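**Student:** Letter by letter, the chains look like this.
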Amino acid sequence: MVQSTDLSQGRRAAATAPVAAVETFTGNRGLQLEERLIFEYAHADRSGVDLPEPPKVKDRLGGLRRRGAIGLPGLAEPQVVQHYTRLSQKNYAIDSGLYPLGSCTMKHNPRLNERMARLPGFGDVHPLQPQSTVQGAIELIGALAGWLTTLTGMPAVAMSPAAGAHGEMCGMMAIAAALAASGEGHRKTVLVPESAHGTNPATAAALGFSVKPIAATADGRVDVAALKAALGSDVAAIMLTNPNTCGLFERDIREVADAVRAAGAYFYCDGANYNAIVGRVRPGDLGIDCMHINLHKTFSTPHGGGGPGSGPVVLSARLAPYAPRPWVVRDDAGWRLAEEDGAAGDDQALGRLKAFHGQMGMFVRALAYMLSHGADGLRQVAEDAVLNANYVMARLKAELTPAFDGPCMHECLFDDDFLKDTGISTLDFAKAMIDEGYHPMTMYFPLVVHGAMLIEPTETQSKHALDEFCDTMLHLARKAKSGTAAEAFKAAPLLAPRRRLDETLAARKPILRWRPTNQGPGDGPLKQAAE
Amino acid sequence: MRYLPLTDADRREMLATIGVRSIDDLFRDVPTSVRLPGPIAGLSSHMGEMEVERRLGRMAARNLAASDAPFFVGAGAYKHHVPASVDHLIQRGEFLTSYTPYQPEITQGTLQYLFEFQTQVTMLTGMEVANASMYDGSTGASEAVLMANRVTRRNKAVLSGGLHPHYRAVIETTARWQGFRVAGAPVDADGIEDLAALVDKEVSCVVVQNPSVFGHVRDLAPLAQACHAAGALLVVVVTEVVSLGLLTPPGDMGADIVVCEGQSLGVGLNFGGPYVGLFATREKLMRQMPGRLVGETVDADGKRGFVLTLSTREQHIRREKATSNICTNAGLCALAFTIHLTLLGERGFTRLAELNHATAVRAAERLARVPGVKVLNDSFFNEFTVMLPKPAAPVVEALAERRILAGVPVSRLLPHAPLCADLLLVAVTETVSDDDIEALAAGLEEVL
Amino acid sequence: MTTVKYTEEHEWIRIENGVGTVGITDYAQEQLGDVVFVEVPEVGRTIAKGEAVAVVESVKAASDIYTPVSGEVVAANSALADAPGDVNLEPTGKGWFFMVRLADPSELDGLMDQAKYDAFVKSLA
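Residue numbers (full-length UniProt numbering), protein chains in the order written: chain A, 1 to 531; chain B, 1 to 448; chain C, 1 to 125.
One or more hints might be untrue.
[As the list claims (entries may be wrong)] If you anchor each label on the Cβ, the simulated ranges turn out as follows:
no.: 1; chain 1: C; residue 1: 52; chain 2: A; residue 2: 464; range: 52 to 60 Å
no.: 2; chain 1: A; residue 1: 234; chain 2: B; residue 2: 186; range: 35 to 43 Å
no.: 3; chain 1: B; residue 1: 2; chain 2: A; residue 2: 55; range: 48 to 56 Å
no.: 4; chain 1: A; residue 1: 34; chain 2: B; residue 2: 366; range: 50 to 58 Å
Hints listed in this document are in silico derivations from the structure and should not be mistaken for laboratory results.
Bear in mind the structure is a predicted one, so any value in this text is a computation, not a measurement.
Think of the CB as a built atom: it goes at the ideal place given N, C-alpha and C, for glycine as much as any other residue.
Model the full structure from these sequences, guided by the hints.
**Tutor:** Take a look at the structure:
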């Protein structure tokens, strides 16, 4: 969700500011330990796993036995545990503190969910075991599907998409399938607001649609007049995020939905921000045709450093027949997965998106989260998320410049107007937050706001934590505006495990793997950098 | 609510700071007609940990766990022993609850393990570059075809009859909606197909699985030559990554793109997901790769560090011109994979592969002695196909009733291939004991 | 006599003996930041005015280069593969992208001369 268009990133800043660290012999700094690559510890004779001697047999490898070594490093278990523990200590995480990455929804990940996913009945069952031996696992998928359709007020849900973007693909394929079935395959235009996530136009384009951007109004919402004007007989669908990426509710959404439907098109709702309204609004009541739900956002499955995700898609009655296989059926005989089409070949399913049945491990976690909160707690989740974001906006507007007036939903958006003439960019401001112990907010997204800073505190932060964060942000803003701090901001971060990294070097001379010629920490790359 | 820190007093104070009277004032942009007055009907209310455990525990108890039965189920997901430290390490909050490493200064942990992961993947596959993972093997295979189409500017893919039917279905679904052609070879249960004959100047790639879904191991070098002669790419799919500890890597046989399902290492069965896709290719095709890439660089002090790189290929910059719409990868599963592989090391990994193969050979020899059972494979790694004297699905059901999970009836994957009705895929990993093999053989003797 | 013309997409084209050399302007390289990768068209390819024929990438942005004129590509600057920074250092010199043999010299009429381009850039500030 985050991107930077600031061009100073990666250029090696001159270390003009005093570096607040003492040189140490090891390069370590107290608890912060330098850590080399596993390949640099290697010894071929070592292993961290003891396995029995394989029985002697005549091999049946068809003459294709591997010749030569693979080159894998060998480490004993204690070395492995230390290696990954040290690496982990170089990461910021929700478990460490507030992680206000707008649009990414970094909320607390309950550990009960981890325990549930590891029950042998869920974690240690094979997707192709006889269905009679996994009735409870199929039931769990059915139960989660029931929660998702009830919460959203939609009649059907496709459970197999592996992530949000995969869910988008699923939803847009379903729309393409519905159009093909009704002889309207000529509809090839998809309308996408300028503020959309990059995945929206990427998905539409991949499916052969041409993307027509729709402008935003001055109040951060989609321009309904422009949208209506663009709704011709060539339009297949609109892809709209609601609440949108500016953190605002599209208040004309019913009018948009009616216009889209009247024009014979479909309404794809990007559900990335569903967490703002879960339990308080049913997207089905807004007139949408489909919406993907990022279980890792709204329902707290862990982000895990970039995945795995899970992106079920709820579908309207007119799209439901095209849902991908497999789906869950409950009949007199019990629970069943409808995996393959019938012999009659009259199947309308759009196909299969993934091997097996979906991200089961994420399903268990999400259902544990839903059961823990209940319908009442989920409503409170949305309310507290919105309250926290508005509180941060109210406090920060003393020094920062909100991009839009009025209440926001689950995230608040600022532009870089308050940094005007300071010589400090949004990126510099974000890097200074790192030295203060915070993960920066989302920067330079959405694109419709200059130097955007998108802050999403989530409902799992206390008022105390929010106050400390706001105090810090206000302090940094005042410091930035003082007119004397530009160099300090440009040099930040000074106290993180690494200072700003040279992304230009990384892209010009890509080193995407370790090679034996690399000499060790700092050595190989330094030589290349000095070329 | 144990996960919500705000007290009612906090809420009142915060509303006052904002300058509104109630939470409803903050939802004023939502049309009143769609605002729900109270909790959604038909769903339970909040509950404590004990109650959640009880409910989900009841569902979990209705499933027969792989470890509780002689277990021979494979076909794209394999039961392996995962060392205890893997699960311990991936549950460290700094890994588990971190986001995609967009701020490299404070996510070097994730970036470094992904760089190590990429390196390990290149070593296993015999390729030059690898990405930071895909959703899983099947979606990776589909992305490989899209990549081959971009590279060759052609749009027809040839799919082997030994490719996992789910993988084939995923590629066919992509083809149907993204507009390219697929030429699928007939089902190849015997491992004798000649794909080179299907390669012409319109073909962007040939997708072949090794070992095939039926278990056959084949030298792909001649096929690679045929592909290259026609200007097409060879995409090799590996669904059992442990096989790479013992078999010639696809890169050495001339593969241009290698896609693996990495579930076997570190991840566990999880009823089908989440898993982790490995994706590797040649350096010259690097910029056409989908997915995230981590690269090495230096920081402002000249210290080595890692960053996401070549991101101009991706959706958040390229938008409708991106190489793929993929945003998420399988970060945490990639971590589990790389930790397990690091624990094994060269010696452990090759021994694990030997152990799998040797155990499978013994199982095949034993099952071949069951009256009426015929092993179809000459070659295999840890999974092979047997022909039974009657349809396999009811046999598997009957054995399940005896608490033996005998394998995957091919009809589960290919319900419309009558010639396959009697075929059973049997996977034998290091977790299978001599007693398990004996139980399966005895069970078959009883049911057949 | 050489002529240099400019486009609103900040490309320059220098005409010598019916062949145009194309690159991006100093303003464009500054907007892009450090260039990390350039993809140039194949020699021999026939290109049409306005067609996206090359790509220039910085760390955080990728831009298509549209040919200002139609014709046949007669040369491409393969040195940029190893030295993409040349686009930053010498955008109108070593950082050229490709040469095209003009199919229709009248296509140049619609392009800006130096004075007009300078005024155009000024209007963007």
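**Student:** Evaluate each hint against the coordinates.
**Tutor:** Hints, verified against the model:
Evaluation of the 52 to 60 Å hint for residue 52 of chain C and residue 464 of chain A yields a pass: the beta carbon distance comes to about 53 Å. A hinted range of 35 to 43 Å holds for the C-beta pair residue 234 of chain A and residue 186 of chain B, which are about 41 Å apart. A beta carbon spacing of about 52 Å between residue 2 of chain B and residue 55 of chain A agrees with the range 48 to 56 Å that was offered as a hint. A C-beta distance of roughly 53 Å is found between residue 34 of chain A and residue 366 of chain B, which places it inside the suggested range of 50 to 58 Å.
Consistency note: the structure conflicts with none of the earlier hints.
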